[in-house]
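Asks: Given next are the chains, with one letter for each unit.
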Amino acid sequence: MIAYLIRRIWQMIPTLLGVVLLVFFLFNWVGGDPAYVLAGKMASPEDIANIRHQLGIDRPLWEQLWIFIRQIVSGDFGDSWSTHEPVSQIFRTRLGPSMTLLIPLMILETAVAVLMALLVSAFRGSLLDRSLMVASTMVMSISLLVYIIVGQYVFASVLGWFPVKGWSQQLSQNLTTYAVLPVLLGLLVSVAPSLRLYRTFILDEVGQDYVRTARAKGVSETRILWVHVLRNAGIPIVTNLLMGLPALLTGAFLLERFFAIPGIGREIILAVERSDFPIIKAATVYVAMATLVANLLGDMLYRVLDPRVNLD
Amino acid sequence: MTTTMRSPGLWTLAWRRLCRDRVGMVSLWVVLFYFGVVLLALGGWLAPDWTREVGVNYAPPTWWMGAQESENAPVVPTTAPDNVAADLYGLQDPLASEFAAMHAAYPNEVGLPPEPPRMQTLPLGGDKWGHDVLTKLVKGSQTSLLVGFVAALVATALGTLFGAVAGYFGRWVDDAFNWLYGVFTAIPYLLLVFAIAAVLQQRGVVTIILILGLTGWTGVFRLVRAEYLKHKSREYVLAAGAIGASNMRRMFVHILPNVSHVILVQLSLNVVGFIKSEVILSFLGFGVPVDVVSWGSMLNEAQNELILGKWWQLAAADLAMAVLVTAFSMLTDALRDALDPKLKQ
Amino acid sequence: MINHMAKRLIILLGCMVSLAYAATPEKVLHLELSAAETGFDPVATSDLNTAAIEQQLFEALLTYDYLARPVRLIPRLAATMPVVTDQGKTWVFTLKKGVYFCPDPVFKGQLREATAQDVVYTIMRFMDPKNRSPYKFLVDGKIIGLDELGDEARKSGHFNYNASIAGLEVLDRYTLKIRLKTTDYNFSHAMAQPMYGIVAREVIESYAGDTASHPVGTGPYRLGRWIRSSLIELEKNPNFRHEVWDFGSGSDPKLGSDPKNNPDPADARVIAQMKGKTIPQIDRIDIQVIEESQSAWLSFGKGELDMIGLAGQFAPMALTGDRLKPALIQRGIRLDRLIDPSIAYYFINQQDPVLGGMSRERIALRRAIFMAQNDEEMIRVIHKGQAFRNAYPIPDGVEGSDPNYRSVLNYNPREANHLLDQMGYAKGPDGYRRLPDGKPLSVRYTTSLSSQDRELDEMMKKSLDRLSIHFESEKLKFPEIIKAERQCRVQMRLSGWIADYPDGDNFMQLWYGPHIHENNGSCYQDPVWDRLYEKTLTMPASLQRDTIYRQLARLLELNGVTKVSTSHIRNVLSQPWLLGYKAHPILPSVWSYLDIDDTQRPKP
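Protein chains in written order, with numbering that gives the first Met the number 0: chain A, 0 to 311; chain B, 0 to 344; chain C, 0 to 603.
Keep in mind that the hints were calculated from the coordinates and are not lab data.
All C-beta atoms in this analysis are idealised placements derived from N, C-alpha and C, irrespective of residue type, glycine included.
Incorrect hints may appear among the rest.
30 Å max Cα-Cα, derived BS3-like pairs, lysine-lysine [said to hold, decoys possible]:
#1 C:154 x A:40
#2 C:235 x C:26
#3 C:96 x C:154
#4 C:154 x C:141
#5 C:176 x C:154
#6 A:40 x C:324
#7 C:324 x C:259
#8 C:235 x C:96
#9 C:534 x A:40
#10 C:129 x C:154
#11 A:40 x C:88
#12 C:88 x C:26
#13 A:40 x C:460
#14 C:26 x A:40
#15 C:141 x A:40
#16 C:96 x C:176
#17 C:95 x C:176
#18 C:88 x C:154
#19 C:107 x C:129
#20 C:235 x C:274
#21 C:26 x C:324
#22 A:40 x C:129
#23 C:259 x C:95
#24 C:141 x C:95
To give an idea of the chain B side of the interface with chain C (calculated C-beta under 8 Å), a few residues [to be verified]:
#25 88
#26 92
#27 101
#28 103
#29 105
#30 108
#31 111
#32 112
#33 127
#34 128
#35 307
So that you can see chain A by itself, here it is in the shape it has in the complex (with noise of 0.2 Å):
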């Protein structure tokens, strides 16, 4: 186990390091020259030449991908080209709304999807189960985008049960009134895929043998369900969750936007329109690193609750 550890962490080294030079040359190459819009309306050739020497992006290639690599070990990416904030705290201050959206609607999604999912077992094969399926896919099956739009105008501004957009500093005001529309909705996007998915490993679960000699002995269908298939069901389940983690960093780009919700999605589709490279490479070293760490812990979870399998 150790050694098998040992091996990933080994592994994600030349992973992270082809992350940083492929986003390094992407941007160099394709990214974009920050100096034209900083620059003003009235610049001059001159007046270009010296943002990009304050910049630092006339020093040769290699000396800036040095400089990269050292700030990633030491964490410090500097000030954003655009604002002069804080790259770190840009990340620290948006994290916290970001998060305010998105784990409630992870912890809300889960427990409905895990729910409904253990219902259309109960009942698999009949009308329940295939209509609330067939419902789900429909559900599923039109734009995160529409839902926003039709969901702003109809919810927020003609019935007037939900603010139109809005942020607050206290977290308990946030999770009352803010962030409910935009949670439900993307309730609404993410439930059913998540629901399928789980759908079909408690399925998997139920056609096992060890389901059958339970029920030959006369333990009920609930209790078969709720304690023996839901907890060799849950280690799919929480893996699969603990995958998803890192998308959580890059945040619901398009319901912050929509809500003016100051999170680090937002900020992330700002910075590439502007060419701000200093988020730019934060935001992805960091999702780098989070996709990395959290699949190894998935991978690693797995294997400790389910000693039958072998990831070599």
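For this one, chain A is given, so just place chains B and C on it according to the hints.
Replies: Positioned in the frame of chain A, the structure of chains B and C alone reads:
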């Protein structure tokens, strides 16, 4: 004489099971209908010229007309003053002689020619330019389905190829592909999209297909690799090796058919996913060029129209997409159930 | 007994009065910004949203009169208008006394007065290469001795703020003499920009590296709570001097520019609401960044925002034609419409190998392309009627504009096609026109990735289809577009320019040869045009200058360089409880001149 009974193969059995699944069959018919429309549109028999502006701007749907007055300012036909008799302020016109010759040759052309009349309402309404939404819908279905399908083929082909090679050969080859997989999944999706678009330079449907294909192979890769890992040490493969089949043959002639049901399910999942992704790509600015219409471009236009009270393009594109995606997803489920009977109880 | 009761009554009355006094609620203004702010160091600012906030935090020497139209400069930090001598080369500014910076720990509890030395420091900062200021151009190459300091700093890496130069001479604590290298009558406009708001040296040096988060100015407001890209709160500056609202009526634009004889009746309302009140009336300003217009509009509708600028394409939500919808009028919402001092103009790259050059064939091709652009359709469909045709490079409201100018590039696809036929642009087998030598022809139109720009692509495709010319789209991120334009790689584009200051020169310089690779995106270098333009540089605003401007504009059309297309209408909606608002074309924000009547707000 004994009659040899051929036991039905996997596909025949699956087909039979599918036929018994009512929801699956309905979905299949819906999907085939859409593909039929796409073929007709491709051939030019349906919606041949969606770019013609047949209606007034924002023409409401015919069946709904009368419920709302048009709130635009009345359409004023374009009148432009003549270019003659403007003061040159003492300067010389380099093209003076050309214009003089023109006015001599066409003395009766004054002002602008009259414009053809336009419909006040259209079956499913019109967009801001006056294009027929129904025609756009048909042409848009063609684009979206083609993009989704071809991109899914690209992604699945790539994923299968990589997965097969990685799973079969193992060791350092597997490590190399795992590294590639790690890098692709670690980079935020947005960045990858921007990067690929920037590298490919020109915009077009091909660019979208490549963006979707090059970012979507990872899911297929993981599954196919797992399957090949499982199969490569099975007896039939070892047997094939014993009789001298090459690696290529073993990979693609022997193992691949046994894995094809997994690949097929992934392919159809990808089709659905990519049709939906195309909408998001349009929102980000990476949609189809202006002479092409897709569901993504229609929804992107429509997002600003709802608040102005023009809901028909949004509703039409959304409904068409929702019906297809639902049908396709249900079909995928039915396929999966039909191909792997253990799952269905 | 009666005494006892009287005493109780007095105490009771006293309590009630003090309660009422204490219960006077804070006046809060709720606003939105359509794009995120960047940071509050004025030297680094270039976007209007940030400038709007800095206008309230900092004070420049001059500003614009709130009500006067056409706009007129008035003193702000200066006590009076500057004394200009030496044919516009020497400017003497005298500062107001008793102007204090808002409190900041750097001042160690002392009141810090603004002095002439602060003005010198503020101006010097713009030439410091480390600041890479986008608004450096307003003083670049103008002040004697300043450019040399900048060059030295570039070499040594350090700007010498202690140097004394001939161009910035401090005569006494409150008086400054600025000497320019050449005549520049527009220098006063530079000194009215919010970016040139006066800063204190010890503040900048103390917060070096993070000046964007510590704006310390002399303006009516100071920065309160700040959540980056999301929420900006401004609160009253406790050290702000006593100022009283006493603007006089501007002139009625329809009747002429003499306010005494033709006062604008709309101003009477504003004056009645605000005259005599101290500035600022509003205690706190709450600014939220809302990028999506739908969200902002819905929020305004619910009364969560007090004022909102309505982008053209959303105008039909609130307007029918050019009037507010009856439902909104009933609620007491007010509409302010003004003409943006800006132009939208098409240009074709004069250095482009396919479309550029001054041969008759190329001129004809470019003019034909311009003549195929249907501005009216664009105004109707894309701008929803919130723009109007303007063919003159200088827009309305800016010194030098000409409402009687008639274009020679009016929409006429028939003539355009005849012209192309005459000049040998025959159609090939694919139906598209080719160059006279038979090579293929296509026009590459550059736009950004936003969904609004997709409409521009659709329009251009229609225009080029009318001429049977092949349309090619180039979509780039906005920074890429700027770069390509500066490098003369953009073939054709619809560009725009908004006035930095309300003088025509700010617009005419867009086609000046030496400004190539800067903002001469047309890459137009014509010695005849340049010589004519240079004559205007030493002229004050006058009829002679206008005559030359007309010739310059006509030359641009005759040579097929540019077609000026439209000017835009700005729509601002305000709630009935917002008092004293009149939209100003140049000032980025006027919040300190407003008041709020909370009794008219709906009860929650």
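Asks: Confirm or reject each hint.
Replies: Cross-check of the supplied hints:
no.	hint	verdict
1	C:154 x A:40	holds, 25 Å
2	C:235 x C:26	holds, 11 Å
3	C:96 x C:154	violated, 38 Å
4	C:154 x C:141	holds, 21 Å
5	C:176 x C:154	holds, 28 Å
6	A:40 x C:324	violated, 38 Å
7	C:324 x C:259	violated, 34 Å
8	C:235 x C:96	holds, 20 Å
9	C:534 x A:40	holds, 24 Å
10	C:129 x C:154	holds, 12 Å
11	A:40 x C:88	holds, 25 Å
12	C:88 x C:26	violated, 45 Å
13	A:40 x C:460	holds, 29 Å
14	C:26 x A:40	violated, 37 Å
15	C:141 x A:40	holds, 18 Å
16	C:96 x C:176	holds, 17 Å
17	C:95 x C:176	holds, 15 Å
18	C:88 x C:154	holds, 29 Å
19	C:107 x C:129	holds, 28 Å
20	C:235 x C:274	holds, 20 Å
21	C:26 x C:324	holds, 28 Å
22	A:40 x C:129	holds, 18 Å
23	C:259 x C:95	holds, 28 Å
24	C:141 x C:95	holds, 25 Å
25	88	holds, 5 Å
26	92	holds, 5 Å
27	101	holds, 5 Å
28	103	violated, 11 Å
29	105	holds, 7 Å
30	108	holds, 6 Å
31	111	holds, 7 Å
32	112	holds, 7 Å
33	127	holds, 6 Å
34	128	holds, 7 Å
35	307	holds, 5 Å
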